[in-house]
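Taken in order, these protein sequences are the chains called H and P. Number 87 in numbering that gives the first Met the number 0 belongs to position 88 of the first sequence; there are no gaps in the numbering. Number 225 in numbering that gives the first Met the number 0 belongs to position 226 of the second sequence; there are no gaps in the numbering.
Just to be clear, a hint being listed does not mean it is correct.
Pairs count within a copy or across copies, as identical chains cannot be separated in the list.
Quick list of in silico lysine-lysine cross-link-like pairs, DSS-like style, CA-CA up to 25 Å [what the hints assert, rightly or not]:
no., residue 1, residue 2
1, Lys177, Lys295
2, Lys126, Lys177
3, Lys329, Lys159
4, Lys295, Lys159
In case anyone wonders, no lab produced these hints; they're calculated from the structure.
Protein chains: 2
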Amino acid sequence: MAHRFIEACFRRPVDRTPIWLMRQAGRYLPQYRAVREKVSFLQLCKTPDLAAEVTLQPVDVLGVDAAILFSDILVVPEAMGMELILEDQGPQFPQPLKNRSDVDRLHVPDVERELGYVTEAIRRVRKALANRVPLIGFCGAPWTLAAYMIEGRTSRGFEKAKAALMADERLAHALLSKISDALVGYLNAQLAAGAQALQIFDSWGGALGPEDYARFSAPYIARVIQSLHREGQPVIVFGVETGELLAQLAATGADVVGVDWRIPLDEARGRVGPAVALQGNLDPASLFLPLAEQRKRVARVLELADRAGAGHVFNLGHGILPTTPVENAKALVEQVHAHTPAR
Amino acid sequence: MAHRFIEACFRRPVDRTPIWLMRQAGRYLPQYRAVREKVSFLQLCKTPDLAAEVTLQPVDVLGVDAAILFSDILVVPEAMGMELILEDQGPQFPQPLKNRSDVDRLHVPDVERELGYVTEAIRRVRKALANRVPLIGFCGAPWTLAAYMIEGRTSRGFEKAKAALMADERLAHALLSKISDALVGYLNAQLAAGAQALQIFDSWGGALGPEDYARFSAPYIARVIQSLHREGQPVIVFGVETGELLAQLAATGADVVGVDWRIPLDEARGRVGPAVALQGNLDPASLFLPLAEQRKRVARVLELADRAGAGHVFNLGHGILPTTPVENAKALVEQVHAHTPAR
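Only chain H is shown next, with the shape it has when bound in the complex (with noise of 0.2 Å):
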């Protein structure tokens, strides 16, 4: 059965445009927080079923056509050797990366011992979807990591990670290709083990100028989605803050490039050319309007996407915010559904 978020990102004809949201397992939804009551956020990544039921919960409630596996970007820099602490002011590596021997000692991952699992939670949700809607695994970008591992902790701009690459590039590379085997070795296991997308977060992407973009960033992803084993899973490359970008991302060799809500579609579609599928890109505080607002902020996405063609999957501009009302997010599902793409 051919799935209609499959054929979208490929550019294929569809009966109704596709929709997910990112973090669509998350805070806003009563039956996650059930479950967070329970554990922490890491403990929930690292219990398969629990990590498991999380990600079935927005199909279930909102009728979305993919799961994404519920995780973190940064358990690998964890695995690599790293101490992480994630809590809800936002993660924080306690002993940020300083110098070589740092970036020396972290080591690439044995996933099914070190990530383990993350596998088993894709073995068991793809049992427990039985096909119903395909699901996307996911990774973060190289410099998006090396950025967290540097700074320590979320910022603005990530002047620190951004100074000390800079300052010194033969380092910067050892650690970007360090993190580039790590992650295709997890990306082609969670393909192993059945996932059947895969999305490269690339959030902090846009701390950098498109010369820097060009040196720290995209040859990495390039790098890794070339390294990738696939049998027909699109790869998905989504930055936040990429306006200039667009044209880089597109040319990684991703099947469809993720838009934040910053720049029209159709602009983006001038940026990306049209050999790759589009993503987003709805504001995510757009479903804190009336509902008849609301609407009206959907359809302009879908009047965009229509004029961009070439493939579209709805989804949110960035990740759907905690305190979203649930009746929202499904009239959003609701009204995509509606629409049928102009070829």
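Fit chain P to the known structure of chain H by using the hints.
For chain P alone, coordinates are given in the frame of chain H:
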């Protein structure tokens, strides 16, 4: 005497490219740190002698072509009635705006009585400068101030503020109008006290998509600019992550549009048109490069500025970072001053 900085703002010919740096009076300077050892950030803003002293430091140390008053955009919300805490980990309003009655309680400040420390500092700086270089006054844009006032603290995307404004558009406009009225009085008082140019910082403009920017930010900036009593003082509008918003910024009535490091200046020129000067846009992290590499980056900005034409004020794409080596900042100023812009 015509100042190089003012001439460039109005797109008139200059002998050398003028330069100043956002946050040029700041922690990277040992002279600044010596003053800050004695007083808090907010005390420094409110003590005209000390504010004037640190305002002058970068003119003496770096030889920049303009001074910018040492202050903070959040002193205006404080004067409107909100408690403000300015600490090193970022500003906070312990009691953020929650509803209509919170907005109604805000008042438009009597500038000489409630923000007189700002106008007094301007008078002292002007006297001390003796027309060596012009003095820039500034404020935050209405949306950026509203975002802080609702969110209560800094945030990646100011989602809470966006959601609040979207959920209640009448409240949004009541708040933004009141802030605009406060800013008109504030900036006119700065001009009367001797400010020779003004910069409006829409630091969080990029959190809004283009359609929301057209509703919640650009019209209020335009209203403020139109209400100024100017006699030859240029207005600069600057925002961060504004690649898709540049045309709107140029249409506010500003003489100069500040550009962050994410978009090359020749691209930016295509979006703003020929009727404004450009300010920017070296990535602040470039000042951590080895000097030879830094020089290449600076040369590249100058080259793109020449290609963009029609007026260029060199600046960073955002504020100078606190750990920047002073030697790198000095080398930057020297290199820019060696450049004669193309006509």
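Here is what the structure says about each hint:
1. Lys177 <-> Lys295: neither (46 Å within a copy, 28 Å between copies)
2. Lys126 <-> Lys177: neither (33 Å within a copy, 57 Å between copies)
3. Lys329 <-> Lys159: between (40 Å within a copy, 21 Å between copies)
4. Lys295 <-> Lys159: between (41 Å within a copy, 21 Å between copies)
Hints 1, 2, counting from the list given before, are not met by this structure.
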